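Number of protein chains: 2
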Amino acid sequence: MHSPDQTLFLQLLLADPGVGQVKVGEDIPERCLHDWMSSAPREHVLAWVRPQSTAEVSALLRLCHAHRVPVVPQGGLTGLAGGAQPLPGCVLLSLERMKAIEDLDPAAASITVQAGATMQQVQEAAREQGLFFALDLGGRGSCTIGGNLSTNAGGNRVLRYGMARELLLGLEVVLADGTVLTQLNKMLKNNTGYDLKQLFVGSEGTLGVITRAVLRLHPQPRSSCTALCALDNYEAVLRLLAHAREHLGAQLSAFEMMWPDFYERMTAGLPHLTQPLPPGHGAYVLIEAQGTQPEQDQAHFEQVLADALEAGTVQDVVVAQSESDTARLWAVRDASGEFRAVFWPHVGFDVSVPTGELGRFVEDLKARLRARWQEADTVFFGHVGDANVHIGVKVCEGEQPEAEVEDLVYGAVRDWRGSISAEHGIGTLKRAHLHCSRSPEELALMRTLKAAMDPRGILNPGKVLGGESL
Amino acid sequence: MHSPDQTLFLQLLLADPGVGQVKVGEDIPERCLHDWMSSAPREHVLAWVRPQSTAEVSALLRLCHAHRVPVVPQGGLTGLAGGAQPLPGCVLLSLERMKAIEDLDPAAASITVQAGATMQQVQEAAREQGLFFALDLGGRGSCTIGGNLSTNAGGNRVLRYGMARELLLGLEVVLADGTVLTQLNKMLKNNTGYDLKQLFVGSEGTLGVITRAVLRLHPQPRSSCTALCALDNYEAVLRLLAHAREHLGAQLSAFEMMWPDFYERMTAGLPHLTQPLPPGHGAYVLIEAQGTQPEQDQAHFEQVLADALEAGTVQDVVVAQSESDTARLWAVRDASGEFRAVFWPHVGFDVSVPTGELGRFVEDLKARLRARWQEADTVFFGHVGDANVHIGVKVCEGEQPEAEVEDLVYGAVRDWRGSISAEHGIGTLKRAHLHCSRSPEELALMRTLKAAMDPRGILNPGKVLGGESL
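If you're matching them up, the sequences are chains A and B in order.
Residues 75 to 544 (our numbering) make up the first sequence, in order.
Residues 75 to 544 (our numbering) make up the second sequence, in order.
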């Protein structure tokens, strides 16, 4: 049942030829009702709209703004924080028909794309021109550039290339009232007033809808070296990180740690995985370097690791000698996507704690969990070079006391002055804990910005700042 | 003469023990009345205040906010756009007593400093720990981190390490009403709501006063290779850039071009410079690579250049074989600071145009200038890998028709969809031309943000957005 206002809005929407394709009621497809972690009933959705151009996005927002109808932008629906979750009485704005690669400029090392282009599309377009789009994560085939930017996506090579934010040169965005802001900048240096595009990165569609972006490309790596190291403890991991930074410099492209509770469980429990190094060590690190001298880079990489072995920093190491070796080593780290098979149910976390303190944080968190739940079990793995650790917590068989576990974990993150969301965002699922990482003054300024840029509160309301009144 | 309101404010200020050291009238030192490019009479300045802590900055802003007194933050006074220029009836807020290096965290590869620390202080503190603070420019001994961030400073190695913005991990800032916003984040990944620190980078003190920052450090380069190349024309420069990106990858740390009008004039006219390559070529490029393998990097660098020579991309090349060679090559490029001696008077510019079009832009601009002033003379040099070119224009002997020259140059930049300020900022000196690079919609959003964050307009009023009412 729609209210009279909603009925009027729908009549206008369906009669408007300038907003893109509109579906209502039973024609709204099932797939847009949920993202990776959340879902909503079809009744929540007034309409599902798929514009084909920035002008259509603008017309849609103008109409929603006039009628105070909430708008939920949707990309590839692979988000892990509920940022694309439908809200009661909302219009779902899908960018899936805006997926053109508009321009690739080799001299500027930039690519201009519509927001609905997938990460993989952009990676492939760059590769065809001998260039490299460095952002990469498991959902590459489905996740879209608009979603990557809205959530400031990270992934495995942030250490070397930065988050989505660092790969953004220019942006086109539609504001709450339909105003189109176009700055498709291709230049590394451009200091002309406030850098407005930064506002839309990581704000999860609450300040504007991204329609186009200019992304930075890098030279295609000509060599890639990979190794898995076994170490005694986190102190040794920090020594290896310092050693790798010193001797691999800018070539160091990944430094991924697996705690034994992850490594041993995955390699023992997932039949498609090999066990490249024996269990029993205190820490496992996957290290990757990308360079430009295929002949020499491998020898240098092996020397750097041999030095670490000789110095006693590393206890054991296996260096990939082929592409299939590389795939085998990465498969262990990438098993994070499949570990539900061997560690379920659990409550999952994506947090950051400064790299130097991450080892002690992990021990402290384990102790806190076991003090509360004697049977508590955990897995820890992550991008240690970026200060980012992913955590799985299982405190009992069957349904987990999720809220209690979250309170405990986020409380520990707060005490270690960490971040409750390293790379997944806040969405709806973490907003109640945002105060653990941001001060009242910061939250107040966020609300000031939200109120100034979206005074009617129509843009993805209830996301990020949802717990509070605007 | 002060107004009654100003007299009352000064009484309160002088009586307040919590705002830092206060000087008024003749005690205000001459040096704070001008930055590199602008100045103001002493009568403009109500008081010069030097706090020693964030709490003192906060107390000062609270008082100024209550009395609607404009505040002009000042760092090293090396700015080139008039951003620190005193305004009528203002308080000058000098950060020069807040220059502590508070923390250097090798594991996080971060350094936490007060805003008044100089760039060189930070560079040296990092070097002592075997790390590298990558931001670098000529004013390193005087310019401060607060100023570097407020103007989003660039320099010579942006290609490899990014602008000041890309080197910023965490920030503490005092808002217009004295609210202290502290997020001294050390983590590469932290997606917890709006990334507020981005607002204060490049906004030239108009949205808040930076008091502390956490900066990202990189591994100290272990090798540095430098060469000067002579090429036929800009097309060849683009081919060399593509070749260098492909074969030097992340090691490519500078790609600096000098047009012949710069190179020939500087090497002939400045007696302390050698002429490493003969005149008569169409373009000169200084190229630098930083790596981690001192023994092998030089050989690889020379091979990359030999290949470019053999392919006909480069006509002549001189590769530095010693530190004094390197200094000699860089001295030519760095003569930009001294070229007043051989090219004066002139009107100077710092603009960006997408790298692929920069060569044609330069030719078009020369043609436009000569169509208007038959005798127009120019020098062009810059960070071509960053899309950034610096320009000197001399259209006659004696005083230049500055406003007319600016209109012509900025008009050309607008037509080529470039940026009227690549790395210097807008300040007071470029605000009238800001519309050449930013749309009415962008300017409107900037004003919305300014009004929301500084409703009384006390923070560096008239800078950046000064031409317009708030």
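Keep in mind the hints are simulated off the structure, nothing from the lab.
Be careful, since some hints might not be right.
Partner residues are not named here, just some residues of chain A that face chain B (Cβ under 10 Å, in silico) [stated by the list, open to error]:
(1) His108
(2) Arg201
(3) Leu205
(4) Arg296
(5) Ala318
(6) Pro475
(7) Glu478
(8) Val538
(9) Leu539
Given the structure is predicted, the values throughout are model-derived calculations rather than measurements.
Even for Gly, the Cβ is constructed at its ideal location relative to N, Cα and C.
Do the hints match the structure? See the list:
A cut of 10 Å between beta carbons decides the hint on A:His108: the least distance to chain B is about 21 Å, and the hint is violated. Given the 10 Å rule on beta carbons, the hint for A:Arg201 is violated: about 13 Å separates it from the nearest Cβ of chain B. A cut of 10 Å between beta carbons decides the hint on A:Leu205: the least distance to chain B is about 9 Å, and the hint holds. The beta carbon of A:Arg296 is positioned within 10 Å of a beta carbon in chain B (closest approach about 7 Å), and the interface hint is therefore held.
Satisfaction of the interface hint for A:Ala318 is found here, the shortest Cβ-Cβ separation to chain B being roughly 9 Å, below the 10 Å cut-off. A least Cβ separation of about 24 Å between A:Pro475 and chain B goes past the 10 Å threshold, and the interface hint is therefore violated. For A:Glu478, the suggested interface contact is broken, since its CB lies about 21 Å from the closest CB of chain B, more than 10 Å. About 5 Å separates the beta-carbon of A:Val538 from the nearest beta-carbon of chain B, less than 10 Å, and the hint is met.
Annotation: A:Leu539 was flagged as interfacial toward chain B, and the flag holds, the nearest CB pair being 7 Å apart, inside 10 Å.
Going through the hint list in order, the structure does not satisfy hints 1, 2, 6 and 7.
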